[in-house]
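Protein sequence lines correspond, in order, to chains P and W.
Quick note on the working numbering: the first sequence kicks off at 1 and runs consecutively.
Quick note on the working numbering: the second sequence kicks off at 1 and runs consecutively.
These aren't lab readings, by the way, just hints derived from the structure by calculation.
Check each hint, because a few of them may be wrong.
Listed next, the in silico SDA-like pairs over lysine to any residue satisfying Cα-Cα at most 25 Å (straight line) [claimed, not checked]: (1) W:Lys124 with W:Leu165; (2) W:Lys367 with W:Leu232; (3) P:Lys97 with W:Cys245; (4) W:Lys248 with P:Gln100; (5) W:Lys268 with P:Thr116; (6) W:Lys167 with P:Ile91.
Which stretches of chain W does chain P cover? Using the computed rule of at least three CB atoms under 8 Å from a CB of chain P, they are [said to hold, decoys possible]: (7) 168-182; (8) 187-195; (9) 368-381.
Source: prediction; values computed, not measured.
C-beta atoms are modelled at their ideal positions from N, C-alpha and C, and glycine is treated no differently.
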Amino acid sequence: MTAPGCLKRVLCVEDDPDIQVVLQLIFETEGVAVAICGNPINAVTMASEFKPDLVLMDVMMPEQDGPETFRQLQSAPETQKIPVIFMTARIQTQDVKAYQDMGVLDVIAKPFDPTTLMRELGRICEKHHGRHAS
Amino acid sequence: MKAPLPKNELQRLDVLRQYDILDTPAESAYDDIVQLAAHICGTPISLISLLDADRQWFKSRTGLKPQETHRDLAFCGHTILEPGMMVVPDATQDARFSDNPLVTSDPKIRFYAGAPLTTSDGYKLGTLCVIDRVPRNLTDDQRNALRTLARQVMTQMELGWHVNLLKQRDRQKSEFVSMVSHELRTPLTSIRGALGLLNSGAAGILPDRARTMADVALRNTEHVIRMINQLLDLGKIESGMMELCHKKMDVNSLVRDAIEMSRPFAEKHGVTVFAKLPTETTVIESDHDRVVQVLTNLISNATKASPYGETVDVAIHMHDDVAHVTVTDHGSGIPASFQSRIFQKFSQAESSISRSEGTGLGLNISKVIIEKLGGKIGFTSSKRGTEFFFDLPIAWAEGK
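Could you build the full structure based on these sequences and the hints that come with them?
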């Protein structure tokens, strides 16, 4: 299990401290540089500084939800090109469609399998890059 | 003369609001009753009038244009003060109504008969009434019929109230299920994550016995997650909210996806999954994720039924206009006593070794999915093994 070439730096926007710990270890094990953003209000600032290849973002957060945070990332010039993948515990077919229409790459259901998360993210990113290359 | 308010007016209004009927669109059930009342009593006008705080609102009406009038003018305001039905043979001769604008000008009411709409608790919410522009009266039969029809109006209102209540409960249930699902999935994300990382050695190599315990914990966590997902599916099915999408896809790649997803579980049980796929492309119009869900469910059942070292075979055959997908195991078969119940909710074979890992919902959900997709699901079983199959209609096939 190795990280795909397109994923060297990942920013996780997640408010649950336990899930933060799990995500941190998953990416460290994979040799991926990871930054955790516990409050979505700071997502744009952190993304501008950390310059991730991907933002992995929770949808339901009390301070500010995923779609709103995504819109902020999209409207800031320095972060608008960074691909975003949502993860959510409340997955509904029509929501997934709405998120993808907004421009979110894909949606991952919680609870995710930690041993296959990296492969899953890689698959989504490669599909994305493939689409953009062609 | 304006009618005084009933003693229980505030509670009465409260009860009326609970029926949630004011300002709702016309309904044929009520319109039919009003037509029948006018016909039986031989009057040009009939109304279902509900007495709101400062108006009478007509749920149904014939022979009269306005949807509502001021309550001060309402004959029905007097009816609900009477012990039973109120009959006014000639309004011009009745001190309560002779100066009423509905009498002195349009629609020039002369005759009025109203039967109260009384709840089981005795609240009079309004009336079913018949009105004529000439003085007259009703026969005993007509009076009885009007009372009977008024009770029918009340029955309709009770039904509507129950339907509203059920709809509201159903919404609350869906919201509750959705909320619980989220509240459970969040902690399960960290539990599954932590245990998965522990087992994969990401946090250092575990001693054998610790590894065994972590395996037990992870296996049961996966079981709880499966349970929650399947209970949510069941909830969606029962509320008619299961959404299926219909997209064109190749059956072969769909089967390959399902086998790929099932492989880790099969390997854990020492079972090899073989695919026998046709060389040509066959396109079905279906819901990819849901068909994969059915197929992984069948493969996981077959895996659990298989002795260590055995194979599970997945094959596709084309029959006329259906893709026939089979999952075959070489286990000891399904007990005859269990076969008739196998697709029922929460059914599991008594002696099943899979009992601890199953939810008893998988096949029930699979059956609903396949049938909603326009297909069929079934099985044949003997002491030498079991074959489950499902058929899905083909949209397009190579060479066809």
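Taking the hints in turn, this is what the structure says about them:
For the suggested pair W:Lys124 and W:Leu165, the alpha carbons sit about 21 Å apart, so the restraint of at most 25 Å is met. As the CA atoms of W:Lys367 and W:Leu232 are separated by approximately 16 Å, the hinted pair is consistent with the 25 Å bound. For the proposed pair P:Lys97 and W:Cys245, the alpha carbon gap of about 11 Å is at most 25 Å, so the pair holds. Taking the CA atoms of W:Lys248 and P:Gln100, the gap is near 19 Å; set against the 25 Å cutoff, the hint holds.
Straight-line distance between C-alpha atoms of W:Lys268 and P:Thr116 comes to about 16 Å, which keeps the hinted pair within the 25 Å bound. The hinted pair formed by W:Lys167 and P:Ile91 meets the criterion: a straight-line CA distance of about 23 Å does not exceed 25 Å. Judged by the Cβ-Cβ criterion of 8 Å, the stretch 168-182 of chain W is covered by chain P as claimed, because 3 of its residues qualify and three suffice. Counting residues of the stretch 187-195 of chain W whose CB lies closer than 8 Å to any CB of chain P gives 8, which reaches the minimum of 3, so the coverage claim holds.
Taking a C-beta to C-beta cut-off of 8 Å, the stretch 368-381 of chain W contributes 0 residues in contact with chain P, too few for the three needed, and the coverage statement is violated.
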